[in-house]
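Visitor: As given, the protein sequences belong to chains Y and F, one line each in that order.
So the first sequence is numbered by the working numbering: it starts at 1 and just counts up by one.
So the second sequence is numbered by the working numbering: it starts at 1001 and just counts up by one.
Treat the hints with care, as some may be off.
Pair by pair, the computed Cβ-Cβ distance ranges are [said to hold, decoys possible]:
| hint | chain 1 | residue 1 | chain 2 | residue 2 | range |
| --- | --- | --- | --- | --- | --- |
| 1 | Y | E59 | F | A1009 | 19 to 25 Å |
| 2 | Y | Y205 | F | M1203 | 38 to 44 Å |
| 3 | Y | Y205 | F | S1206 | 37 to 43 Å |
| 4 | F | I1504 | Y | S181 | 20 to 26 Å |
These are computed hints drawn from the structure, not numbers from a lab.
Beta carbons: idealized from backbone N, C-alpha and C, even for Gly.
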Amino acid sequence: MLTSVIFIPSVGSLLLLLVGKNPRISRLVALFFVILELILVLILFVTFDRSTTGYSFIERANWVPLFNIQYLLAVDGLSVSLVFLNAILGVVAVLISWTITEKVREYFALLLLLQTAVMGVFISMDMFLFFVFWELELIPMYFLIAKWGSGRKEYSAMKVLLFTLIGSAFMFISIIALYLSQPVADRTFDMMILAERDISGLIPYAGLISIGFLVAFAVKLPIFPFHTWLPDAHTDAPTAISVMLAGVLLKMGGYGLIRINAGLFPEQLSDLAPLLAIAAVINVLYGAFIVVRQTDIKRLIAYSSVSHMGFVVLGLSSFGGSVISTTAINGAALQLFSHGIITALLFVCAGLIYERTHTRYIPDMGGLIARMPLIGIGFIVAGLASLGLPSTSGFVAEILIFLGAYNTYPLATALCAFGVVLAAGYVLWAIQRTLFGPSLKRWADLNDASSSGKWAIALLLIPVMVIGIYPRILLDVLENSLLRIVGGLA
Amino acid sequence: MGLSGLDIALLSPEIAMVVFALVVIFSGLKWPNSSISVYTFLLATAVSICLSVFLWLRVESNGPEMFMNDSLIADHYAIFFKCLILTAIALIILVSKSSFTEFNQRAEFVGLAMLSSVGLMLLPSAADLITIFVAIELASLPIVVLAAFSTHEGKSGESGLKFLVLSAISSALLLYGFAFFYGASGTLQVLSLDSSNPTISEMLVSLDNDIPFGSIPILIATILSVSGLGFKLSIVPFQMWTPDVYEGAPTTVGAMLSVASKAAGFALLLRVLYTVLNHEMISDDWSLLLAILAAITMSIGNLVAIVQKDLKRLLAYSAIAQAGYVLVGVASFADFGGKQISYELGPESVLFYLTGYAAMNVAAFSVVILTVYRNQTSEIKSLEGLGASSPLLAGVLSVSLLALVGVPPTVGFMGKFFIFNAAVNANLSWLAIIGVINSAISAYYYLNIIKIMYLRSPSISGGNWRIALSSSLVLVITAGATLILGILPQPLLDLVGEASLSII
């Protein structure tokens, strides 16, 4: 089951290279495989046993017996939610790429490969395998940005690649050190066993090892001051890749923080919690202040991601408290999902607007809602969810984080909550400047979204609203697994 | 002192190679430019590898054996390297076959390459210092001629002369170092299976813990020998000749130097360190010395590679950086005051990485050999648009470059994991961190080439590529090996595990 979840997209990717260069066929093949993937993941999501605190769908095989490296796949609630997110965004990314005309076949082949790699990251429970997929994801992303992007695309692509590679260099050493510092007889990369073993108290240099992981995830999430790759990459990437970057690639960082730093090194995380709280405040406020000044619509969304990922960090900083509640961690995990959907929707709308107006410069826009009501509505809903309006998924996630983190760091929580006010400011202002105002003559003959665009928007609007109104649908999946992860500290 | 039948049997892979080399050279008098020489070479390689496999099986049942008056040893370690070196050279010669048309005396080129490979084959099995020296000379001298072989490229003669001078200096250093080993121990024997013929290691007594390397003569001997070998392996600060020679010499020679010579040189270095200098008082010192050299070698190689505009020079600096990674594995001697913890990880990782490196570097060089021959230039710019004009070449080069970066699922990633794993195990975590960051930096220039192939439109006329069947075979084999060994490393790990048992 999980093997096919990982490799269906790459089968599609290989098939694309065989079917010839016809762009129409390439698109349809890609769409077929991402929809197949989404159906499979939906089955996974529905059949996943919500009452268990353990792992499901375990698949295990020896890979490199000499080092006890296994091909080990399994999911818990945290993985399931992000796998689900990735599957939805995979379909959206293909739909939103319908208008790509250059080297269509290669484009979709790389996009599908990217999806395989990200699925692998969320599903691998062997740390070595996890790292393999973590690195594998970089190559397709580099080429997708460098070839099909815009602006300083090659610069941005190389920047994100080098940032991530250097970050993961530290993780690589940490993985090795973690492996070697276990007793010779039972060395393992199995994260399920490691989580039970309470390694944080047993092995030497656990603090340094956990910091190695933290650096890699901080680059990916990103946490200030490792965030500078993000605005460049998100701005210069093609729309679909911005969607994937903001939607799932950042989540790899959050996932790693929860799975490894919180799951394996809870005591070290709790020592670092004050730092995390400070980083969270800087992320949220600094990100938000910069957003206000942006005139490029994609850059604006990019910096808002920096701000919103700060909430995830705040959720994790609740590990510093004496009473550990799962509330904040639940919120952080929910924020990963919810921000993935919301930002994807924002980028989809921004991409569709750019495709029509050929500008990303906000002061040039204005009055667009009259010409493209559907895109406008998508943008407004995403914007409101992004500022955390009740009845959207953004609200649920953020309120849980604040509730959970308040006991530990009331001041940091209050400052971060102020970030929501700023978000309200910049989101509404951006909506006002782009969509409303007098209807401009030069936009008079623009059309609304094409059918592929409509589908993409619809696919994203549903989860935003459903989770906003009935958050239990996702919290049920998350709760028990996070209880286990947090339980490591108790 | 006569030759016994056993001597001949154990030396048969080398003897076969020499016989065929003579056949090639003499038949070259009659047919100087026939491609028969290449096929003879392939036949010789096949025969030699088959004989080596028999020897491997013999060693498996009888244990290692010394022969030729204890000057050579047949053990799994030596046989493993013989097969690796032969395979690499055969693939390089095969892919270069079409480019040999620019030489006048093709048969001589092939014949000399065969003689050089005999020297390289002897190195891993050499058991005393004199044999080591003779093998090195036998391997190097033909290379001097090969480097100067191209008559229409002015730099070729320069590169041959440079290699000659540098070989002479490094041999002198090495010999001087060997003399000190002899002075300190009174014997030349590196290895011995016979207790009446003690080795250098056994004769080193009265070591002083306060002096680095235990005693002053050993200190001098080690530093001189490592410097001498450092030239051969292009370790910083002895790397200056590498880019010049690679640039001027025919690309084939660069490929042989970077893959086969390097494998043999590391085989020797590892053997000497693990058998001669394995004393606990000495091992810490050379481990640190090599760790520092490794850190400098990786960093200089990668940083200078970034600014290269010429493909052959870039590959030269890349070879320097890669030598640095291998050196990390060599330095990872996990001996904590005689308490050996997962002691075998270091040599195993070196053997694994050298094998993987042979696959990926032969793949990279194969593409460069073909493109340089066709475009008559080795500028990086000449690769522009290769992705469109020849998907096979661009694909193979991409795979090999990604492997050199160390991206999964290639053998480069696995190899680096094993090497850095060994380093952390030997308490050299700082070195592992430098190594991993170096890998990240190297992504910049390796990916730059891939970018140029796929994202730039061609400056030189695209045209049609006609790639000979033999060349495409090599491309597919090497790129395939790069991927397969990365996905399924366990069989190779078993093999190198067995081979490295011989020296630990």
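Visitor: All hints are to be evaluated individually against the structure, with a verdict given for each.
Guide: Against the structure, the hints come out as follows:
1. Checked against the given bound of 19 to 25 Å, the beta carbons of E59 (chain Y) and A1009 (chain F), roughly 50 Å apart, lie outside it.
2. A hinted range of 38 to 44 Å for the beta carbons of Y205 (chain Y) and M1203 (chain F) is consistent with their spacing of about 40 Å.
3. Distance hint for Y205 (chain Y) and S1206 (chain F): a CB-CB separation of about 38 Å, consistent with the stated range 37 to 43 Å.
4. Separation of I1504 (chain F) from S181 (chain Y) is about 23 Å and conforms to the stated range, judged on CB atoms against 20 to 26 Å.
In terms of the numbered hints stated before, the structure departs from hint 1 and from no other.
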